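Q: Once you've looked at the hints, dock chains E, G, C and W against the given chain Z.
As they're listed, the protein sequences go chains Z, E, G, C and W. Take any residue in the first sequence, count from 1 to its spot, add 4: that is its number in this note's numbering. Take any residue in the second sequence, count from 1 to its spot, add 4: that is its number in this note's numbering. Take any residue in the third sequence, count from 1 to its spot, add 4: that is its number in this note's numbering. Take any residue in the fourth sequence, count from 1 to its spot, add 4: that is its number in this note's numbering. Take any residue in the fifth sequence, count from 1 to its spot, add 4: that is its number in this note's numbering.
Accuracy of the hints is not assured; some may be wrong.
BS3-like cross-link-like pairs, simulated, lysine-lysine; straight-line CA separation at most 27 Å [stated by the list, open to error]:
1) Lys352(G) <-> Lys290(C)
2) Lys11(W) <-> Lys146(C)
3) Lys79(E) <-> Lys27(E)
4) Lys296(C) <-> Lys353(W)
5) Lys102(Z) <-> Lys146(Z)
6) Lys352(C) <-> Lys352(W)
7) Lys217(E) <-> Lys202(Z)
8) Lys296(W) <-> Lys353(Z)
9) Lys353(Z) <-> Lys217(E)
10) Lys353(G) <-> Lys217(C)
11) Lys46(C) <-> Lys58(C)
12) Lys296(G) <-> Lys296(E)
13) Lys290(G) <-> Lys202(G)
14) Lys352(C) <-> Lys290(W)
15) Lys352(C) <-> Lys353(G)
16) Lys202(C) <-> Lys353(G)
17) Lys353(E) <-> Lys352(G)
18) Lys290(C) <-> Lys202(W)
19) Lys352(Z) <-> Lys290(G)
20) Lys202(G) <-> Lys296(G)
21) Lys146(Z) <-> Lys46(Z)
22) Lys217(W) <-> Lys217(C)
23) Lys46(W) <-> Lys58(W)
24) Lys326(E) <-> Lys326(Z)
25) Lys352(E) <-> Lys352(Z)
26) Lys296(W) <-> Lys352(C)
27) Lys296(W) <-> Lys353(C)
28) Lys102(E) <-> Lys102(G)
29) Lys202(W) <-> Lys352(C)
In case anyone wonders, no lab produced these hints; they're calculated from the structure. Model, not experiment: these values are computed from the prediction.
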Amino acid sequence: MFSLQPKPIGLPPGALVHTGLQKSSEVSLTLIDYDAEHLLVKEQVSLEDCIPLKETDSVSWINLSGLHDIDQLQKLGDSFDIHNLALEDVLNTGHPPKCEEFETYVLLIFKLLHINDQTGGLEQEQISMVVGPSWLLTFQEKPEDIFDRLRDRINRANGRIRQRGTDYLAYAILDSVVDSYFHVLAHLGERLETMEAKLLIDPDSQSLQDIHKLRQELTLLRRSVWPLQIAISEFQQIESPLLNEGTAPFLRDLLDHISHAVESVEMMRDGSSNLLDLYLSLSSQKMNETMKVLTIMASIFIPLTFIAGIYGMNFENMPELKLAWGYPTVWFVMIGCAVGMIWYFRRKKWF
Amino acid sequence: MFSLQPKPIGLPPGALVHTGLQKSSEVSLTLIDYDAEHLLVKEQVSLEDCIPLKETDSVSWINLSGLHDIDQLQKLGDSFDIHNLALEDVLNTGHPPKCEEFETYVLLIFKLLHINDQTGGLEQEQISMVVGPSWLLTFQEKPEDIFDRLRDRINRANGRIRQRGTDYLAYAILDSVVDSYFHVLAHLGERLETMEAKLLIDPDSQSLQDIHKLRQELTLLRRSVWPLQIAISEFQQIESPLLNEGTAPFLRDLLDHISHAVESVEMMRDGSSNLLDLYLSLSSQKMNETMKVLTIMASIFIPLTFIAGIYGMNFENMPELKLAWGYPTVWFVMIGCAVGMIWYFRRKKWF
Amino acid sequence: MFSLQPKPIGLPPGALVHTGLQKSSEVSLTLIDYDAEHLLVKEQVSLEDCIPLKETDSVSWINLSGLHDIDQLQKLGDSFDIHNLALEDVLNTGHPPKCEEFETYVLLIFKLLHINDQTGGLEQEQISMVVGPSWLLTFQEKPEDIFDRLRDRINRANGRIRQRGTDYLAYAILDSVVDSYFHVLAHLGERLETMEAKLLIDPDSQSLQDIHKLRQELTLLRRSVWPLQIAISEFQQIESPLLNEGTAPFLRDLLDHISHAVESVEMMRDGSSNLLDLYLSLSSQKMNETMKVLTIMASIFIPLTFIAGIYGMNFENMPELKLAWGYPTVWFVMIGCAVGMIWYFRRKKWF
Amino acid sequence: MFSLQPKPIGLPPGALVHTGLQKSSEVSLTLIDYDAEHLLVKEQVSLEDCIPLKETDSVSWINLSGLHDIDQLQKLGDSFDIHNLALEDVLNTGHPPKCEEFETYVLLIFKLLHINDQTGGLEQEQISMVVGPSWLLTFQEKPEDIFDRLRDRINRANGRIRQRGTDYLAYAILDSVVDSYFHVLAHLGERLETMEAKLLIDPDSQSLQDIHKLRQELTLLRRSVWPLQIAISEFQQIESPLLNEGTAPFLRDLLDHISHAVESVEMMRDGSSNLLDLYLSLSSQKMNETMKVLTIMASIFIPLTFIAGIYGMNFENMPELKLAWGYPTVWFVMIGCAVGMIWYFRRKKWF
Amino acid sequence: MFSLQPKPIGLPPGALVHTGLQKSSEVSLTLIDYDAEHLLVKEQVSLEDCIPLKETDSVSWINLSGLHDIDQLQKLGDSFDIHNLALEDVLNTGHPPKCEEFETYVLLIFKLLHINDQTGGLEQEQISMVVGPSWLLTFQEKPEDIFDRLRDRINRANGRIRQRGTDYLAYAILDSVVDSYFHVLAHLGERLETMEAKLLIDPDSQSLQDIHKLRQELTLLRRSVWPLQIAISEFQQIESPLLNEGTAPFLRDLLDHISHAVESVEMMRDGSSNLLDLYLSLSSQKMNETMKVLTIMASIFIPLTFIAGIYGMNFENMPELKLAWGYPTVWFVMIGCAVGMIWYFRRKKWF
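So here's chain Z without its partners, still in its complex pose (with noise of 0.2 Å):
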């Protein structure tokens, strides 16, 4: 979670290398070309086949999964006129979100969420986005089913997509993106609940194992969502004619939405603090109640130990060990400091 992969030193600034993790072992582009009338869709095209698009009005969408063949990169930077410092940040898949406004594009890169389904551990994925004005690059490690959905509203042409231009595009990317955040807070939120439920039973020690893991996942799921409220925030004001004045209630609505999302990631993280909190204080108090018990026993039973080990000495002269009541008297005496040690712990209220 903490792990970076720096780019060796001594690299001049916007020479590219692929730093993180190869996700998926094939590169593939995938084109989606439409307006109000038509729609073009292609599955593993090839780069040339993008290029004249780029002149077009129509919008067209290109996305390219995997992305460690840098040459093919740095070719479709160059077809598009990509900054290598944009291109740079594209690889750097540690990247924190962010929003940068280039000369004829903006460069947006936010982070993908998801529960792993087997491992049950939050894992995210870098997706850079470049918008255009007629055509709109992505970016993403590996392919993901959330830009399958976009492209099935776009084949149905209902919905106000087909009608409109990158900018919206772009806004119904994230707001994908925002929408898949909440599951993610809807399931870290159902175990938060969980683990406060058995909490209160039975604090055990995989329940600290539990918080701190929970921890950790809102902390990355933090640095995933602050970031992109404000590269939203910063995209939403951009002055550029990129944006059209009617996606502005969309960008508005989609901040509302992320902000939503920030202010129950920071309810969370406070939750989970009040539960180590929590798990902290009931294991104070369960060891006092052990203390308890063990006081206890040992304050009753050691006096009585020393009075039999007392009467088990062998001198002599012993005139108590000849007295026909001195066995009586003896447990007498032991029965009375027992029941004065039971009284003392009673008017204490251990137990």
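A: Showing chains E, G, C and W alone in chain Z's frame:
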């Protein structure tokens, strides 16, 4: 408390889905139409009755109770030209309080809080309010008597409310809601003081759970109160013909009240943290005392038992055993040991 | 301390209800009317005596002590054209300090703090002040000698106060209040230092409750001082003919004093948190020492008792028992064990 | 440290009262008058000697050491037209550092800090400075050698100081004070590092008190350094003929130095908090080890003692006692028990 | 880490004193003079060789390695008209990173960080950079290979660097430094993850010191990274002919990188705090388990030993001792006791 009900992934923005729990079995529309001279109150109206009132100058307050009938909500929204993004927020019952200005109306979302009489727990219900030029729509999850009291005030025709427009009605609704927060705050404050008094007398394990529950409720409360303060502040600063000048001092007063509520929540959060610190300190102190009892008992009796053990040995050649004053001497030594220990612990101020 | 007295639900805004405790049995009006030449002081005046003074150029200071007579308050408010929302705040004795500008007057609410001589606890009383062009109204829950001293200063006719208007009188009242805060702060600071000194010598369970009480009082103090700083800052920045230029340096000085008070409160809060940390650390350290005593005693004597137990067994075939040097050898072994243990603990620097 | 000396209640604003401790027995005036060509230094001057210099163009630096002679202070103030509110602040030796602009002069209050060589404790003294057009007054509680070194610099006539006006002199005084803070910081930093090294080797109870003392001194230091940063920043931004353009880079440099000091204080506060965390963790870990020793000793020997106790019973019918191999068997069993326990604790990695 | 080397008290501002440790034995000047066509690299040059290059249009980068030769530094400063206050900052090797604009040049101070290969500790070296119109001076405490790699890039004449001015060279130096931070961050992140993995398996006392060391290094890192972010932001915003427009996107990218570094430091600080919390919780939990073992052992065997002690008493009149089934009955009772205790602890889920 941390549970979110995200809408299904892949829906286009503005798609209406009811994600919360269905809190009320029936959906009912209530209509109040009034100006200084006339008053019309109708319960269980149909939507068709309401629409013509949109154009009149009199204030029309339409309240929709129950959110699961999405068709009716959609129709109501369409009749009053409410943007679908606004309706989406109305349906998302986990939405944080907010104020959003649209072209001809303002959307306000806030939470109604009350203490459940049975469980003593804090419950919240979302209320959405759309303030138009001569109409005001409210949406609630289930019928609440807070609105009944307002209707009574309108009925009685005293007070300013009948002379004024929708902005004053919106203010009156918000004011009732904020006033009701103080009752929740008073309840929690009382519980906090009770818990503190109890803690200083007898800190038991129940206290810990009580503190934890209170802290969670304060987190929930804060989540309702903080963003509402921001929302009211934004509502107050809206530059729109919707807001008459005469309403300004009332909104300023409302903002003052909600700040007071925010400040009280923060103080109680401080107070509950102090309480947890106190609990932990008291608990550590009690453990210390338990430890002292054990140490004193063990330190006094273990050496004595050892001495008794010595003279319980069966060596043939133990000259002390045959001495006439052997047994009294051992008693003397043992009492000396015990007194020494007690003196030592006294000097350490252990008891 | 956390108790709020919310007014009943459903009342229209501006409805006057006295919600606090009734601290004084009687309601009394006091009037002081002065300018550089003349001075008029009247106690127990009727409202009718006061009203004509509203229009004169001389400064008229009317003080109402006791807030439970709502009728009189309402009449007084009406005579001086005070907005009902302002009167509502005057009656809400749990209102945080604030400054609010109305059309022809300014409302200031603040708290008077003093240490109860009997209980040593911190008590607060709300004072409200309405500053008009030639009149100044003050409302207090019960009569306080802080006002008597001011009246003396006005009486003595020395000082600037008789030459100046209501703004200087308002300043003089606020200045007296802020000065009185330093006496409370000095008292709390002294207690803090005493507690710290005591803690380092003998941290007992009373210390904990003392620290807790101090922390609560500092929270209460902070709640009075912080918003007053903001209120005074707002009062200073009001652009109104009410404020003469000559009063500006005095208000700046007042703001400087209240900042000093705020800063002292924050430092004491820091100090009290440090004290709690110190208490917990000292407590943990004492427990450590208790544990060491127990462990040393048990570790030395339990093995010895075991050895004694061995030779207390009654087996017929125990050849050691018959050896002449058996008994001294056992003593030798036992002393060896004890010395070994003591050496071990010494090396661990346990004592 | 937390002690405040509030002035008596009820005094009018601007009334001069000396509230601090009297740190010096005598009051003395020192006068330095210089420009590029001439220099006049007079110790123990009378006030009358100083007044004519007010009007000359040469820089006149008048230093008053000892604040308890209020008459002289008042006279001095009157001669240079100092506002009584300013003199009140000069006398309040607990005043936080500040910069306040008056019509023809600027008042600066700051603290001189030094480590007491005997006690090793941090001590502070208040210095007030009134910067006029051609004169500069300083007020100190007792004579300090920091001023002597400045006088030497003026005497030696090298350096820029003789060519420049009162603003540069004020800068030079502030610069000396800020430089002296770094010596205090270096001392505290060294102590912090020593304490840390000691803590890792042998955390004893003295450590705790040392950490607590350091934390308090850092709180005190922070209270001197933070507001001084603000004061210097305000002094720098004053738009007044008092400040020559040529002094600007020096003031900027001074601000840079004080920021460095502020940053160092914050880092040390962090460091001292980490140290307390470390102490608590180490303490908890030592207790854990103590507990382990106790548990190992008790768990090994208590069962053995029980076995020995069994065969110490005096029942007539105990067949084992008569068996020839009974005694060795018991030894065998006991050694087996002990080895089992040791193996168990080893597997738990307890030692 | 907290050690400061303040310069002696009483020195006039701008007096040059070398206060840090002397990290390199020799002082050497290196000169690189280049433009798009020509390149001149000279090591161990004399100051006189450098001065004429000041006026040429080609970029002259003069690097001074070793700061203890104050005379040479002063001469270098005088030749390039560097203000003495700037040189003072260059010599103060404990100065926090900053950017300060002077009339014709900009001073930038920053830290080079690297992990010491032997000790694994974090070390820092101060680098100062003075950016002039056609010359750039760098000052370092000892020679670093980070500069060698830059020289190689200039040598190779590829990349933009030879076409651009001093601002791009300054950017390239800063970019190398910020890139090197990520290597330090990656190292610390790795250590953090290793420590966390180890902690969950076996939290020992070494862990605590490791966490403490990491926290201190993060504090040190933060102290280098935070102010550098501000310095770069200020450098970027300087309105001066020194900065060409073409460099702006590179500086923006640099600012983006340093924000990423800042964010990573903050996340690691969070992570290390979580680790300490985890350590404390695990430690408290282990203690709880130790206590349970002790309590179980003691509670089972102490009563049994007492029973054995009873029948070890030597009273003549103990009828049980003579009963044939006395001994088996005692065994029965003792086993019953033990089973009861075990059942009780099982029900409490202690093992």
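Q: Hint compliance check: list the failing hint numbers for this structure, sorted ascending.
A: Hints that this structure does not satisfy do not exist here, as all of them hold.
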